[in-house]
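Assemble the complex: chain L is given as a structure, and chain S must be docked to it using the hints.
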Amino acid sequence: MSTKESERNSSAQQTLDILFEISQLLNTQLDKATLATCIGMVESGVNPEALAAVVQELRREGANAAQISGSTLPLR
Amino acid sequence: MSTSLDPLVHTFVPASRIDPSLKDDLVAHCHDILRSHIGHRTDSSFSQLADLAKRRLLQLSPSGASASTFTALASKLLDQPVLSKKQEAILFLYTLSSLNAHQQTSLPSSIPSHRQPVQAQTTTPQPQSAAMGEDRTRSNAARLQEFRAQRGTPLIDESALVRDTLYLMQGISGKYVRFASSEDDEKSLTFTSDPRFTINPPTRTLIHRLAELGYLYSRVETFVRERENMPGVGMIEQSLCHYLQTQLTEYYRLIAVLETQLASSNPNENNASSPNPAEATGLSLRRLDVWVNEWRLRMRMMSVCVEGARDTHGGALVNLIHSYTDNGDPFIRKFTDELLEEVSRPFFVTLHKWLFSGELYDPFEEFFVNADSSLGHVPYVHPSSLPGGINQLSSEGMFPGFGDSDDMTGSSQKLWETKYRFRKDMLPMFVGESFGKKIFSTGKSLNFIRYSCLDSDWVITREKMSNTGGTLQYGDIGGLERSIDAAYQLASQRLFEVFIDKFKLLDHLSALKSFLLLGHGDFADQLMETLGPSLSRPAQSLYRHNLTANLETAIRSSNAQKDPTDVLRRLDARMLEYSHGEIGWDVFTLEYKVDPPLDTVLDNGAMEKYLKLFRHLWQMKRIEKALDTGWLRVTGSARTFIQLPEYESEWHKIRVTLHEMIHFIRQLEAYCRVEVIECSWNSLLEFLNKKDGDLDALIEAHRTYLERTTKKILLVNPKPGKEEILLRQLSELFNLILQFREVTDTFYNYCLSESARRDQQMDNVRGVYTGAAKDSPSHDLPSGILERLQECGSGFSEKVQTMVQQLQVHPDLDCRFLGIRLSFSDYYRPKKDSSVKS
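Top to bottom, those sequences are chains L and S. All residue numbers for the first sequence refer to our numbering, where the first residue is 157 and numbers rise by one. All residue numbers for the second sequence refer to our numbering, where the first residue is 2 and numbers rise by one.
These are calculated hints, taken from the structure and not from any lab test. Treat the hints with care, as some may be off.
What the hints assert, rightly or not - Estimated spans, in silico, between C-beta atoms of each pair:
| id | chain 1 | residue 1 | chain 2 | residue 2 | range |
| --- | --- | --- | --- | --- | --- |
| 1 | L | D173 | S | D25 | 49 to 55 Å |
| 2 | S | R288 | L | Q169 | 39 to 45 Å |
| 3 | S | D25 | L | A192 | 21 to 27 Å |
| 4 | L | Q169 | S | V291 | 42 to 48 Å |
| 5 | L | D173 | S | T206 | 47 to 53 Å |
| 6 | S | E147 | L | D173 | 40 to 46 Å |
| 7 | L | A192 | S | T206 | 25 to 31 Å |
Said to hold, decoys possible - Mimicking DSSO-like on lysine-lysine, the simulated pairs with C-alpha atoms at most 30 Å apart in a straight line are:
| id | chain 1 | residue 1 | chain 2 | residue 2 |
| --- | --- | --- | --- | --- |
| 8 | S | K55 | S | K77 |
| 9 | S | K354 | S | K514 |
| 10 | S | K610 | S | K723 |
| 11 | S | K610 | S | K514 |
| 12 | S | K438 | S | K691 |
| 13 | S | K86 | L | K160 |
| 14 | S | K626 | S | K563 |
| 15 | L | K188 | S | K438 |
| 16 | S | K692 | S | K654 |
| 17 | L | K188 | S | K77 |
| 18 | L | K188 | S | K24 |
| 19 | S | K86 | L | K188 |
| 20 | L | K160 | S | K77 |
| 21 | S | K622 | S | K723 |
| 22 | S | K692 | S | K354 |
| 23 | S | K563 | S | K503 |
| 24 | S | K563 | S | K613 |
Note that beta-carbon positions come from the ideal geometry of N, C-alpha and C, so glycine has one too.
Bound conformation, chain L alone (with noise of 0.2 Å):
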């Protein structure tokens, strides 16, 4: 049983350094953890494009919300 929840953990984490992978080639922008969170998502049925629109905005939104604070956090 535990084997084969390691091994399940194992393929998971393998799944998700080939998505971060061909993520970083696609030059999304995104880290490890946003990503495991959206893919989570959209495993959960959600629009994948809808999502991207989603992550999009708050990019923006962030961005903005950055500049008007003048805070020095950075985006990520």
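Relative to chain L, chain S alone:
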């Protein structure tokens, strides 16, 4: 779902961690977006998606390395068991990536922002500063775009233009771009000046390029339409139209495919998330340009053909197309080859008909053989109606037969020479001129065998045999040449056989030689003997029936009676048209009648030459005969005139002169017979035995034979202006001889009566009464008779001398040889006046 949104919001907007209201706002906004209907792709498979992603990757890094990496990763991902929605995951990444790209290059406002009111609440000066911030990095294109946006004239959506262009390619005006049809049929494009839209110059150029197709298309199509409705369009043109039509159908197919493509991309047009649908779905003006490129070339070729077809016709059209096959571009070569294969098909059908049955089936005058319809036989017989046509024609041809000789003698020759004409401009170049001539001659021969020689059975059999041998076509030029050669050989062989075996050409030729050229010596002698007395009478006292009766007698009493009756019945004697004062010798002529189809070879011109030769030879014969009889008298005179010793020397002189004349005429005759007629005849026989070449060659050979004979017998000098000079001298000589004969006769008669008188006197002296003594010493020697004799003799010698001199520098070798013959012992050497005066 909201729970998983939170970390996202936290990650991207750090400020939301401390500001729950902002966070809630954002989360709500995100929910809005998620619930919207962005990007419900209907028909994307994984591979399609992968392709899109790869294209995107190529944009990012053109090297292609990342694309292959992506392929590897994608396949690895597919192997993973964990995810259930791999495709969606990739789609997410891809969309994000492409959105990113847009963010970088295009205006941020391209996504309609639902967030606007919220922004206004919280961050009022934001847009300006954002614009300011981005101003530095924007390209000129972007600025231009913005300028346009401010002017309120946005670019027309490309897909609309693509639709228009598709219309344009079919020659139909579109919504934004239309053809301006001015008077002179030249179409030009106009762009509707709709104030709401602009089309930028590059796009215009592109549309122009594409619209060329539409223009060409409409030209080709108009041509095809025109020809469809026009009566009397040649078969070659018809097949050209057919080919063009097939090509146009292909073109329609292409348009249909393109339209489907356009339709399938349409749903995305409304999609706000993909502002550049063409890129995503595959039909843009540029792509269109690439796809129709080959067609543009093809259309151009077709249009060129159409242009050419306007003023050329038939074989010339094939020629025109053939001239494009010599092209280095394999595409053009292939296209024209196909086209030619198609277009030349009717040509080859006609060729086959012509080559194997001698029938010209060419209702639109497209073949390079042209029939003169004003002459005789119906030129256009449809193949299916051939047998009936032949029977009818042959029965028609039978009856006129011998009826009207003048009419019939002309027709056959004319038929052969002018019924069909060779039109060089219509001859397809791939056939070649020598082969064209062969084809022409073959068909003509067959046609001639069929109609003029009434030997259609053979032709039909041949045609049937040849039908099994496959068809002629453009692709097989080698085979074509072989079959042309074979057909040519067969046809000409057959024509020879027909002429020699069936129509006994050789018999007729030799009959002409023996009768008209006086080859039968005994016959000529007999004729001369029976006719001689009556010919000295004035021409008007001669009657044709007498002449023919004499001719009959001559034939019967000579060896000529053994000749075939077919030959003899053609022989006829008649008089030429005479004027007052001419005697029988001037107008009498023999005639040999030929009927069709022999008169193809023995045409009117040839017969005239024969007659001319006959008259000359006949005159020669007459002189010879006259000299013969003269000689008979003169030789006997020595004994007869023993009573007249004072004239002994005169008689001697006469004998010498007479001998000279006889020598002259004998040499001349021998020359004509041996050197000229027989030699020419031999070469003609050689040609006939070879049986090579067609009827034209036969005619040519006979013509050469006759030409040569005439030239040499009449001693024609090829120098212009001097042709007849020797002939004139010859006839002067003949006249001189005749005069001399006359004078000699007078002298003879005088001598005869004188000697009779003396005999009587001596009888009286002896006391024998032999009649009433005529005391009156009769008339004296007619005055001047001796002088005239002298004159004739010396004049003759002088004339012969000048003639020999001229003969010795005659350009013709045989004539020069005659000169040598005449003066074999150097008798007529120049500057020998003393010795000539005998």
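A quick look at each hint next to the structure:
A hinted range of 49 to 55 Å is violated for the C-beta pair L/D173 and S/D25, which are about 34 Å apart. With their beta carbons about 42 Å apart, S/R288 and L/Q169 fall inside the hinted range of 39 to 45 Å. Taking 21 to 27 Å as the suggested C-beta distance range, the pair S/D25 and L/A192 conforms, at roughly 24 Å. For the hinted restraint 42 to 48 Å between L/Q169 and S/V291, the CB-CB distance of approximately 45 Å keeps it satisfied.
Checked against the hint of 47 to 53 Å, the pair L/D173 and S/T206 passes, with Cβ atoms roughly 48 Å apart. A hinted range of 40 to 46 Å for the beta carbons of S/E147 and L/D173 is consistent with their spacing of about 42 Å. At roughly 50 Å, the beta-carbon separation of L/A192 and S/T206 lies outside the given 25 to 31 Å, and the hint is violated. Annotation: proposed proximity of S/K55 to S/K77 holds, straight-line Cα distance about 16 Å (limit 30 Å).
As the CA atoms of S/K354 and S/K514 are separated by approximately 40 Å, the hinted pair breaks the 30 Å bound. At roughly 19 Å between alpha-carbon atoms, S/K610 and S/K723 fall within 30 Å of each other, so this suggested pair holds. In summary, the hint linking S/K610 to S/K514 is supported, as the alpha carbons are separated by about 12 Å, within the 30 Å threshold. About 21 Å separates the Cα atoms of S/K438 and S/K691, which keeps this hinted pair within 30 Å; it holds.
A threshold of 30 Å between alpha carbons decides the hint, and for S/K86 with L/K160 the separation of about 22 Å falls inside it, so the pair holds. Note on S/K626 and S/K563: the hinted pairing holds, with a Cα-Cα distance of about 25 Å set against a maximum of 30 Å. At most 30 Å may separate the alpha-carbon atoms for a hinted pair to count; L/K188 and S/K438 exceed this at roughly 87 Å. Annotation: proposed proximity of S/K692 to S/K654 is violated, straight-line Cα distance about 56 Å (limit 30 Å).
The suggested pairing of L/K188 with S/K77 holds, with an alpha-carbon distance near 18 Å, which does not exceed 30 Å. Distance check on the hinted pair: L/K188 and S/K24 sit about 22 Å apart at the alpha-carbon level, within 30 Å; holds. For a cut-off of 30 Å, the pair hint linking S/K86 to L/K188 stands: about 18 Å separates their Cα positions. Between L/K160 and S/K77 the alpha-carbon distance is near 21 Å, which keeps this suggested pair within the 30 Å criterion.
As the CA atoms of S/K622 and S/K723 are separated by approximately 25 Å, the hinted pair is consistent with the 30 Å bound. At most 30 Å may separate the alpha-carbon atoms for a hinted pair to count; S/K692 and S/K354 meet this at roughly 25 Å. Restraint check for S/K563 and S/K503: the C-alpha separation of about 21 Å stays at or below 30 Å, so the hint holds. A hinted pair counts as satisfied when its Cα atoms are at most 30 Å apart, and S/K563 with S/K613 qualifies at roughly 26 Å.
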